[in-house]
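Student: Listed below, chain by chain, are the residues.
2 protein chains.
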Amino acid sequence: MASPTRLVEVRQKVLKQNDLVARALRERFQEAGVYVVSLVSSPGSGKTAFLERMLTELRPRCRVGALVGDLATDNDARRLARSQAPVRQITTGTVCHLEADMVRAAIDGWDLSEFDFLFLENVGNLVCPASYDLGENLRLVLFSVTEGEDKPLKYPTIFNTADVAIVSKIDLAEACGFDRASALTSIEAVRPGMQVFEVSAKTGHGMEPFLSFLTSQASSKKARCQLAEGRV
Amino acid sequence: MASPTRLVEVRQKVLKQNDLVARALRERFQEAGVYVVSLVSSPGSGKTAFLERMLTELRPRCRVGALVGDLATDNDARRLARSQAPVRQITTGTVCHLEADMVRAAIDGWDLSEFDFLFLENVGNLVCPASYDLGENLRLVLFSVTEGEDKPLKYPTIFNTADVAIVSKIDLAEACGFDRASALTSIEAVRPGMQVFEVSAKTGHGMEPFLSFLTSQASSKKARCQLAEGRV
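Chains as they are written, first to last, in our numbering: chain A, 1 to 232; chain B, 1 to 232.
For the record, the hints were derived by calculation from the structure and aren't laboratory data. Where a beta carbon is used, it is the ideal one built from N, C-alpha and C, also for glycine. Hints are not guaranteed to be accurate.
Distance condition first, Cα-Cα at most 20 Å in a straight line; then the derived EDC-like pairs of lysine to aspartate or glutamate [unchecked claim]:
| hint | chain 1 | residue 1 | chain 2 | residue 2 |
| --- | --- | --- | --- | --- |
| 1 | B | K13 | A | D101 |
| 2 | A | K13 | B | E188 |
| 3 | B | K16 | A | E9 |
| 4 | A | K16 | B | E9 |
A few chain B positions that, by computed beta-carbon distances, are all more than 12 Å from chain A [as the list claims (entries may be wrong)]:
| hint | residue |
| --- | --- |
| 5 | E9 |
| 6 | K13 |
| 7 | E27 |
| 8 | E31 |
| 9 | G33 |
| 10 | R61 |
| 11 | T73 |
| 12 | N137 |
| 13 | E149 |
| 14 | K154 |
| 15 | T157 |
| 16 | F213 |
Computed footprint of chain B on chain A; a stretch qualifies when at least three of its residues, placed anywhere within it, have a C-beta under 8 Å from a C-beta of chain B [said to hold, decoys possible]:
| hint | segment |
| --- | --- |
| 17 | 71-82 |
| 18 | 171-179 |
Using the sequences provided together with the hints, build the complete structure.
Tutor: As structure tokens, then:
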């Protein structure tokens with residue numbers, strides 16, 4: 001290809017600029033006492049269903065909100081609105097990932113101190129979002145039991161830039177012939193020691209341990225949401 | 001973000017260069033009489049399983065080969081080698097799509113006239129591959145019944161740049177509560193009249209009508225593979 005060097009240079013400049021915006025966002029989030037969690041995965045891994053379940057289960061006890069990214073449609077924001085939490089859609093057009101500046105623009109007018117948790121659902125993509133810091137405290141990478149156990153090996157960067165892996169749609173494990181040991185070995189190979197949760201947004205399986213983990217993480221960051229022990 | 005204009009300019013230059021390489025590839029494919037089919041989808045939609053099934057079913061009657069793209073690993077090439085067809089892996093590192101130049105390099109040394117069909121499996125991604133012509137005759141976009149019926153609405157560009165939609169993993173339709181009418185409505189909304197095939201690489205459901213379609217398309221392009229009518 002022509003101009004590969006020039007493309008890399010421009011990309012690095014964009015990334016550096018993104019990092020500056022992300023750093024400023026992180027400071028704002030910290031000042032406001034909001035714990036920010038981002039979700040990345042393939043299209044169709046169940047980010048929105050998982051997020052809807054999280055919002056619905058957390059909302060009676062915490063102040064939660066979400067931004068959802070897609071190339072087109074506000075389908076996800078409309079779905080998530082059923083949780084009664086404030087949700088805004090970011091449409092990226094042809095851009096394959098969220099950038100910090102899109103998050104900055106999307107939270108305009110929100111008083112961040114009114115949230116305990118803010119969730120950022122990225123565009124469905126296992127490549128591009130890896131490179132863009134959004135100022136989040138915790139990045140979750142989801143992969144569903146339907147996708148194939150070697151996804152971590154094929155998309156190592158996104159697993160390396162995430163903090164926690166969520167194996168989603170665990171209710172379909174048997175129907176798909178999901179090989180749990182192989183999936184865990186794949187994760188361990190690219191990110192030794194990575195914490196893994198198995199969940200089903202449909203049945204609720206695994207939500208309780210995950211939400212307990214999430215709130216304990218948030219508490220350690222001095223987020224304002226204090227849940228009664230064992231309640232979540 | 002800083003420099004968006006510059007980024008767009010560079011991207012357009014890269015795309016233009018890609019189009020030139022793709023055009024040259026298309027001429028080579030045509031001269032050699034090989035019919036080239038590319039596959040795009042999310043990670044985990046079943047491109048490799050579908051391709052393995054196609055190679056296995058076509059191989060006794062046609063001369064078939066494949067290139068498979070991934071960021072990392074040669075897992076797919078090793079899987080596809082079970083079909084006994086010649087297969088080469090392209091690893092893209094951090095690049096979220098195949099480019100025509102990668103295809104050009106990967107076929108180096110192959111006598112293209114020895115193939116009736118060449119398959120190009122793209123990196124799993126519903127965004128980036130849309131912009132890159134690979135010189136193929138036919139582009140298939142897969143989406144599995146596990147992914148959600150509104151994927152075409154959320155990723156319209158990739159559906160618009162593809163020729164045919166494949167609904168994969170149809171054997172899981174019931175377990176997932178797949179809403180066929182909704183999925184077809186979504187496809188029709190972004191690409192009116194798009195031809196759709198429902199398949200299961202696992203059970204073989206739907207393979208026969210799809211392979212009949214494929215070989216009839218190839219024949220109309222004067223590919224050398226002439227299958228006995230009704231055999232595929």
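Student: Hint by hint, note whether the structure agrees.
Tutor: These are the hints, each one checked on the structure:
1. B:K13 x A:D101: Distance ~25 Å between B:K13 and A:D101 Cα, so the pair is violated.
2. A:K13 x B:E188: 40 Å, violated
3. B:K16 x A:E9: This hinted pair holds, its Cα atoms lying about 19 Å apart.
4. A:K16 x B:E9: Roughly 19 Å separates the two Cα atoms, so the pair holds.
5. E9: 9 Å, violated
6. K13: Violated: least Cβ distance 6 Å, not greater than 12 Å.
7. E27: 19 Å, holds
8. E31: Nearest chain A Cβ is 23 Å from B:E31, so the label holds.
9. G33: 28 Å, holds
10. R61: 29 Å, holds
11. T73: 5 Å, violated
12. N137: Given a closest Cβ separation of 23 Å, the condition holds.
13. E149: 10 Å, violated
14. K154: 5 Å, violated
15. T157: B:T157 is in fact no farther than 12 Å from some Cβ atom of chain A, at 6 Å.
16. F213: 25 Å, holds
17. 71-82: Holds, because 4 residues of the segment 71-82 of chain A bring their Cβ atoms closer than 8 Å to Cβ atoms of chain B.
18. 171-179: Per the Cβ count (3), the hint holds.
When each numbered hint is compared with the structure, violations occur for hints 1, 2, 5, 6, 11, 13, 14 and 15.
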